[in-house]
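There are 2 protein chains.
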Amino acid sequence: MKKTIGHRGINPTGETTYKKTTSSALKGAIQLGITHTVGSLTQKPERDVLLQDFEVVDSIFFPNEGSNLTPAHHYGDFKFKTYAPIAFRYFREMFGIRPDDYMYSLCNERLIELSNSGASGSIFYLSSDDEYIIKTVQYKEAEFLQKLLPGYFMNLNQNKRTLLPKFYGLYCVQAGGKNIRIVVMNNLLPSAVRMHVKFDLKGSTYKRRASAKEREKAVPTFKDLDFMQDMADGLMLDNDMYTAVCKTIQRDCLLLQSFKIMDYSILLGIHNLDQACRERDSEAAADPRKPQGQKSLYSTAIEAIQAETASMGSLDTEDKTGGIPARNSKGERLLVYIGIIDILQSYRLAKKLEHSWKALVHDGDTVSVHRPGFYADRFQRFMCNFVFRRVLRKHESCLTEHYDKVSCSENTHIEDFTNYMYTNGLKPLITKPTTINKHRHLRPFTNIYNI
Amino acid sequence: MKKTIGHRGINPTGETTYKKTTSSALKGAIQLGITHTVGSLTQKPERDVLLQDFEVVDSIFFPNEGSNLTPAHHYGDFKFKTYAPIAFRYFREMFGIRPDDYMYSLCNERLIELSNSGASGSIFYLSSDDEYIIKTVQYKEAEFLQKLLPGYFMNLNQNKRTLLPKFYGLYCVQAGGKNIRIVVMNNLLPSAVRMHVKFDLKGSTYKRRASAKEREKAVPTFKDLDFMQDMADGLMLDNDMYTAVCKTIQRDCLLLQSFKIMDYSILLGIHNLDQACRERDSEAAADPRKPQGQKSLYSTAIEAIQAETASMGSLDTEDKTGGIPARNSKGERLLVYIGIIDILQSYRLAKKLEHSWKALVHDGDTVSVHRPGFYADRFQRFMCNFVFRRVLRKHESCLTEHYDKVSCSENTHIEDFTNYMYTNGLKPLITKPTTINKHRHLRPFTNIYNI
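If you're matching them up, the sequences are chains A and B in order. Residues 1 to 451 in UniProt numbering are what the first sequence lists, from first letter to last. Residues 1 to 451 in UniProt numbering are what the second sequence lists, from first letter to last.
Hints are computed from structural coordinates only; laboratory data are not their basis. No experiment lies behind these values; they were computed from the predicted model shown. There are no misleading hints in this set.
Subject to a maximum C-alpha distance of 25 Å in a straight line, what follows is the list of computed DSS-like cross-link-like pairs (lysine-lysine):
(1) A/Lys79 to A/Lys140
(2) B/Lys217 to B/Lys207
(3) A/Lys260 to B/Lys147
(4) B/Lys260 to A/Lys44
(5) A/Lys260 to A/Lys160
(6) A/Lys27 to A/Lys79
(7) A/Lys178 to A/Lys140
(8) B/Lys178 to B/Lys20
(9) A/Lys79 to A/Lys19
(10) A/Lys44 to B/Lys160
(11) B/Lys140 to B/Lys79
(12) A/Lys79 to A/Lys44
(13) A/Lys247 to B/Lys44
(14) B/Lys147 to A/Lys147
(15) B/Lys140 to B/Lys20
(16) A/Lys140 to A/Lys260
(17) A/Lys147 to B/Lys260
(18) A/Lys44 to B/Lys247
(19) B/Lys147 to B/Lys178
(20) A/Lys147 to A/Lys178
(21) A/Lys160 to B/Lys160
(22) B/Lys44 to A/Lys160
(23) B/Lys19 to B/Lys140
(24) B/Lys44 to A/Lys260
Residues from chain A that keep clear of chain B, each with C-beta distances beyond 12 Å, as calculated:
(25) Ile10
(26) Asn11
(27) Glu15
(28) Lys27
(29) Leu41
(30) Met103
(31) Ser128
(32) Ala232
(33) Asp233
(34) Asn239
(35) Cys277
(36) Cys384
Even glycine gets a Cβ: it sits at the ideal position worked out from N, Cα and C.
Put together the whole structure using the sequences plus the hints.
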């Protein structure tokens, strides 16, 4: 029997538990609950969201034997609470999610429990269609998300393009005297795309190296110091794409700062197209699953940053998974998947907060009242000066022309590109061995989510 | 010297005063203040509105002798405060008002003091271009407007079409130890259009008749009981227009109710095109001013109710003043100007509130906790069942075809229309003498505003 982390444990039969509720009972309750709440919402007439709607909590009791409102089920009695139903209905509408699709994806198909779910003690489920992540959150996180909703509404209305998590619903399963709060949000890293390397980046250097234990994983999530060492030249984006990414990060950071949120990260997954081609050649069988298009709006990385009016001309790739086209210092073609995560957790643990104080002091912040601003500034600087690099327009074609078809075509322009980088004072690290390369043989379908 | 009403008075030289500040000094301070605040805003970079922005108050001191930030002036020293500058900049943008135009209209041209400004004790100014109304508000009203801003933001984002007042700015002039708070909003009734009759309607019958004193005025504002007596058949709107008006009123009432606002009215101005033609024939000279188009978006009655996607085909009139085409029971062609006013005042005076309690009890409300909902329901019912009437589609042409040109063409369809009404059980009051007709010879350019 494995060690319990936070509220997450494993029972004698080997099944994951959360606050002693088995994962299967939790999934069952979530599916019954969401079916009911979405169903009853569709019966209510459409109306505008009001300020008060953010504070509403609907509750419905699901007795084991069923009631005139709820079906019988084979779990224990439970209560299902829906937070701010009208507000989240509006958010889902804004993200282009139809009630039927939402209900179908979450409730009519199997929820897949993610095994590699990190040190937060949360359980993560992925919907079968790869669209939604369900995550358990703590009381403080749920409470904070509720407080955040008016600001989240304002941001969405001004900024449909955002790298912030897309929150589709906040619920609570009350069973056996325990409250299990869950949040439904977008899936950042499409399972069907093999991530060759993944990073969780904050812009800090304080203890920001993946642990030895993390490195043992099939798909470790590396951190800032790893990135600085292994990808010292960052990710090359064409001019428009660079501007779009950085503008989005800037606007998102302003909102986070205004809510005094810190400790968030960018989750960054990199699919290396050229490496994938080499692997396909060397491996016995390629992955039979093809990259799938995501259905909701603005939920992929590229949609999240690309302004509606911007003409991205040459960057329209055949890639339907929403990766952002980039190159590494070797000139290899990459698809980059990004999103801002961990925006609720700074309100979770005093211990966590203490860590982030230490980190900020370590990184030069001396005036604690300015912390969120300092955090945001440093985060933006790191992302836009180090992680993402702008390639000037006249050389853009080097970056993009091979995305016209995401195929295993030969890499004719690598040499030009490398020369370009040399002449522009950028040092490609072609010869330097990297930790990342050690992890080339990654298993897909393992995501780490820490919202 | 005339009697003081509230804070408004008249000094020995005959000039209006507000809290002992002369109207000319107040206008001067407003113009200097708005010039400064709009000017300094344009220097700040564009950014998203945050929840905190609603609570910001900027303040700048204008010493008589000038400073390095402010020009010298010939009034006493004063302080100028701007409430929620970033939020109001966003609202103005949403309403399509450019900073330059806003500043120019309010600060570079004369502000016209409206003489007929009602019993509220407020001073009203109209900008020379007829676009803006400036009104003094009490502390409680300003405070309430600030609280309303997040909900107002939400409403605007979901509902650009609204009959609620368009709030463009909230300011405070601090002079001689007094605070004079002013709000800038849209002008509902274009001065260039002669209103043949005006109503302030609440849906109540309690003391809702214009006073004898009001009736002496050149352009009295009649009330509910007057409307019920003199316009018992209401205003005929074509089907789409009726639906648009009522849907807008319904959504606006939902917001007002959610903020527990009561006591608001619809200000309704009616320009009778056929009557205007007859007057033009009989009068020596027609008004040389032509109806002007308003510049800001959604600020006219027709824009406020007409959905962006709705095809209003035949209703596109040459009228640029934004009146809603309607007919009275005689079949005369009308342009109706409406807006919801008085949304801040229920928070003003205990005495006022007491009155509205009495009115609600009189009108059948016994449970005071339901008051805002009761008020809203009754208001909607009165507007959509009594004031505005739907004319069915097959007869729509009767209502609209003569709006193709707002001209003094002959009224060929009146007979048909009257017949239609008879056959549909509607009683045209062609022969009944009305109080309204007594006031046919109205002077233009006199508006009453009670927000």
